[in-house]
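Asker: Here's the letter readout for the chains.
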Amino acid sequence: MAMNETAMIEVKNLTKRYAGRTAVAGISFTVARGEIVGLLGPNGAGKSTTMRILACYLPATAGTVRVGGFDVFHQSNEVRRRIGYMPENNPLYTEMRVREYLKFRARLKGLGWRRSRERVSTVMEQCGLTDVSRRIIGQLSKGYRQRVGMADALVHDPELIILDEPTIGLDPHQIRAVRQLIKSLARAHTVLISTHILPEAEMTCNRMLIMYDGKILAADTPENLQRLVAGNSQIIVELAAPAAALRECWSKMPEIEYFDISASEGDFQRCALTPRDGLDLRPVIFALALQNGWVLRELTRNRHSLEDIYVQVTQPGQEEEEES
Amino acid sequence: MRIFLTLTRRELAAFFVSVSGYVIIAAVTLLIGWSFVVLMTNLGSDPSPMPVTQLFYRTYFFWLIVLLATPIITMRLFALEKFSGTFETLMTAPVTDLQVVAAKFAAAVIFYTIMWLPLLPCLFVVRHFTNQPGALDPGMISGMYLGVFLVGCLFLSLGCFASALSRSQMAAAMISFVLGVSLFSLGFLAQAITAVAQWKEQLLSYFGLFDQMNDFACGVVDTHTVIFYVSVTLFFLFLTLRVVESRRWR
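Just so you know, the protein sequences line up as chains P and Z, in that order.
Mapping to numbering that gives the first Met the number 0: the first sequence position 253 is 252, numbers consecutive.
Mapping to numbering that gives the first Met the number 0: the second sequence position 21 is 20, numbers consecutive.
Note that these hints are calculated values from the structure, not bench results.
Some clues are possibly wrong.
As the list claims (entries may be wrong) - Straight-line C-alpha distance at most 30 Å; calculated DSSO-like pairs for lysine-lysine: (1) 141(P) / 102(P); (2) 11(P) / 214(P); (3) 214(P) / 182(P); (4) 182(P) / 141(P); (5) 214(P) / 81(Z); (6) 102(P) / 81(Z); (7) 141(P) / 81(Z); (8) 11(P) / 182(P); (9) 182(P) / 102(P).
Small disclaimer: the values here were computed from a predicted structure and weren't measured.
Hey, can you work out the whole structure from these sequences and the hints?
Answerer: In structure tokens:
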């Protein structure tokens with residue numbers, strides 16, 4: 000069908016103004032089917048607002064948003080049938096039991112009696128909820144509640160899954176489990192997640208949109224974004240060699256833009272090299288050490304580059320209160 | 000329709016899984032029982048030809064129950080969902096606003112009806128001891144219950160509206176209590192002012208909830224009254240719907 004060729008999400012010049020404050024300022028982006036896209040930005044950047052508009056909860060002030068080819072405002076019901084949305088803080092009916100809740104949600108999303116029973120069992124297994132199916136949601140731990148929220152988003156087998164801060168407040172084990180789950184969804188679904196934690200987006204997403212102050216500042220794959228800033232990255236080398244020889248060696252290499260040598264314990268010298276154009280010089284350096292018979296004890300590339308761009312681009316410290 | 004039933008079932012279940020539902024029922028049962036104690040004491044010293052239903056109504060416990068219980072029943076409906084955020088999950092499911100409002104109102108009405116069931120045995124106890132066929136007949140009971148039902152719908156729709164307006168359950172309860180008391184006092188006003196201009200009197204007489212309930216209690220069903228109750232109920236439900244929709248154009 001031609002449907003498969005259209006983008007899953009198409010956002011054009013989306014603007015959302017609350018009384019006296021612009022939460023989203025004319026952003027545009029598209030998400031293709033099957034992609035996992037991370038919406039990354041500090042609190043108050045407009046991530047939740049964007050997601051709420053996509054989920055048909057809030058109307059846009061201006062611009063168009065289409066999900067699976069349907070307009071979120073005019074064909075809201077069609078859109079809502081196709082998305083599984085988990086809001087921030089994962090609100091649930093705490094007085095219900097897990098299976099009961101998921102069944103209620105499945106029925107609400109238009110699944111028949113038999114199909115809802117099937118799907119509830121499937122998603123409970125998928126999210127690791129089978130052991131707690133008869134427990135009351137209010138008595139579950141935060142990790143389990145999060146899984147209930149995810150199971151709810153998945154229960155009608157939607158084309159698009161929107162998760163607002165899915166790992167917030169979880170412990171590292173639970174975070175890993177949630178990430179695994181998100182990755183496992185990639186084949187059959189399109190996923191849009193929001194987070195303010197960079198490594199999370201880096202690990203789970205094919206593509207990242209960095210949002211700040213209602214605008215999208217960068218949109219690319221984590222690798223490309225990394226390459227973009229790799230020019231600022233450094234290579235750290237520790238070699239047992241005379242400082243003079245090293246200095247001569249580094250200054251002869253055209254790929255090195257800047258270097259710094261400091262003495263380490265014993266014969267070792269610690270060199271911080273800044274390569275031109277973000278080239279990866281590590282193999283060259285290894286060959287060099289081998290050739291000269293120098294003992295090499297450390298050879299690393301700074302991997303904080305993405306964090307740097309994030310910090311650079313978003314300048315935290317100006318946190319605003321997120322609109323509820 | 001399936002979605003409406005699913006929603007109604009959940010809303011109704013929410014009354015019964017929490018303690019509050021049982022507390023309301025217990026309190027109402029207590030008030031009904033108390034009203035009959037008062038009624039029987041009065042009847043013992045001062046026999047009356049009136050049917051039991053009307054006698055019960057005359058104790059004014061009825062209005063106390065309606066005015067107090069309806070805000071408590073309805074305060075939860077929208078306010079709690081907005082407060083806890085579940086309103087967002089609810090409204091992002093493929094449901095229409097009308098389905099949500101109708102289901103919440105229906106659940107409240109069903110709960111309200113269940114709440115009034117303890118009245119039946121009381122009526123029968125009185126009938127048993129008075130041992131007079133005129134004290135109670137099926138027509139009167141159905142008239143009474145129709146009245147109770149219609150008044151309930153009216154006050155519950157006020158409550159729905161108040162709950163949709165607010166994020167706080169307390170505020171919702173207070174708003175619906177104030178609205179209810181205002182409507183109720185209009186009935187008093189209608190009784191007090193009799194000799195004013197015709198149209199005003201006529202207009203006010205529509206709000207004479209007091210006299211109207213009196214009629215119902217005698218088993219008299221006046222179409223005027225029924226239409227008045229139904230239309231005011233629908234009006235407030237319509238307002239509720241607009242409030243729920245308002246997030247789309249605000």
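Asker: Given the hinted pair residue 141(P) and residue 102(P), is their alpha-carbon gap at most 30 Å?
Answerer: holds, 20 Å
Asker: Below or equal to 30 Å on CA atoms is what counts here, so check residue 182(P) against residue 141(P).
Answerer: The given pair, whose Cα atoms are some 21 Å apart, holds under the 30 Å limit.
Asker: Tell me if the straight-line CA distance from residue 214(P) to residue 81(Z) falls inside 30 Å.
Answerer: Holds - the C-alpha atoms of residue 81(Z) and residue 214(P) are around 28 Å apart, at most 30 Å.
Asker: Starting from residue 11(P), check that the Cα of residue 214(P) is at most 30 Å away, please.
Answerer: Status holds; Cα separation ~12 Å.
Asker: Taking 30 Å as the top limit, are the C-alpha atoms of residue 182(P) and residue 102(P) close enough?
Answerer: Holds, at about 25 Å.
Asker: Taken at face value, is the distance from the CA of residue 81(Z) to the CA of residue 102(P) at most 30 Å?
Answerer: Between residue 102(P) and residue 81(Z) the Cα gap is close to 22 Å, so the pair holds against 30 Å.
Asker: Given the hint that residue 11(P) pairs with residue 182(P), does the C-alpha gap stay at or below 30 Å?
Answerer: holds, 27 Å
Asker: Are residue 141(P) and residue 81(Z) close enough, with their CA atoms no more than 30 Å apart?
Answerer: Given pair residue 141(P), residue 81(Z) holds - Cα atoms ~21 Å apart, limit 30 Å.
Asker: Compare the distance between the alpha carbons of residue 214(P) and residue 182(P) with 30 Å, and conclude whether the hinted pair is satisfied.
Answerer: Roughly 27 Å between the alpha carbons, so the hint for residue 214(P) and residue 182(P) holds.
Checked against the numbered hints above, the structure breaks none of them.
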